[in-house]
Amino acid sequence: MSVVVRTIARILIPVILVFGGYVILHGHLTPGGGFQGGAVAASAVALLLVAVGAPAVKKLKAPFSVLEDLGGVAFVVLGFLGIGFTFFANSLAGMGGLFGAPVPSGPNPGVLNTAGTVPLMNWAVGLKVLGGLGAVLVLFGLFGGDDDR
Amino acid sequence: MRYWTVLAAFAVVAGCLLLGGAGMRPFGAPRLDAMDQYFNARSQAEVAANNVVTAIVFDYRGYDTLGEATVLFVAVVGVALILRRVKR
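Chains A and B, in that order, give the protein sequences.
The working numbering numbers the first residue of the first sequence as 1 and each following residue consecutively.
The working numbering numbers the first residue of the second sequence as 1 and each following residue consecutively.
It is possible that some hints are incorrect.
[Said to hold, decoys possible] To give a feel for the contact side, a few chain A residues facing chain B, derived at Cβ under 7 angstroms:
1. V50
2. T86
3. N90
4. V103
5. L112
6. V136
[What the hints assert, rightly or not] The calculated label-pair distances, taken between Cβ atoms and stated as ranges, are:
7. R84/B to R10/A: 30 to 38 angstroms
8. M1/A to C16/B: 46 to 54 angstroms
9. L83/B to V4/A: 28 to 36 angstroms
10. G15/B to M1/A: 52 to 60 angstroms
11. L18/B to L70/A: 49 to 57 angstroms
12. V76/A to M1/B: 44 to 52 angstroms
13. V73/A to P30/B: 18 to 26 angstroms
Think of the hints as simulated: they come from the structure by calculation, not from any bench.
Keep in mind it's a predicted model, so treat the numbers as computed, not measured.
From the three backbone atoms N, C-alpha and C, an ideal C-beta is built for every residue, glycine too.
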């Protein structure tokens, strides 16, 4: 693409990634969550793909695949964390320690260190969606090219 | 034959819709919000999450999220499989 698109992409991609990270990290307090934030971050990959072309981002495909697998495995492992009660039981909520702070009742701005396994699952699913959609975008971008996929 | 099959399918679908519509609450009646009230009242105490939607998605209906993650994984695997490079 032209130098205009590449310059704008260089400015916008960090902003989009930061916003996606915010939506993921604050998923248990504000609207959004892992799926939404991962999709927002993957749109930065789409912009990168449009700006610099598919062959230049070909080497990102393997890290994205690894990220997707890691996110999926982490999600299931976090589900097993509550196996003492049931699968997917929220064993960290309200226990003190990591994400275990007591939550004030009623309408309030929220405390970041609450909600137990929910923020960890948000991270896992966010990484999974970013990796999965990123890998799909790179694969679609490379489709039809002569170079090795 | 094909005509009658289509007509029978249409009759079944229309019948189910009408049957469901017959049990509809009257216009202006208060909506059924027992489930909403349950989640609104308990998500802070049970999941300790202020975002009720996230509390439902990742705690009350975690299996649904697991299924969604599996669907995404299968979609990525399918795309990678179809668009792979074939050795010539």
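* Please name the hints from earlier in the document that this structure breaks, with their numbers sorted from lowest to highest. => Numbers 1, 2, 5, 13 - these are the hints that the structure violates, sorted from lowest upward.
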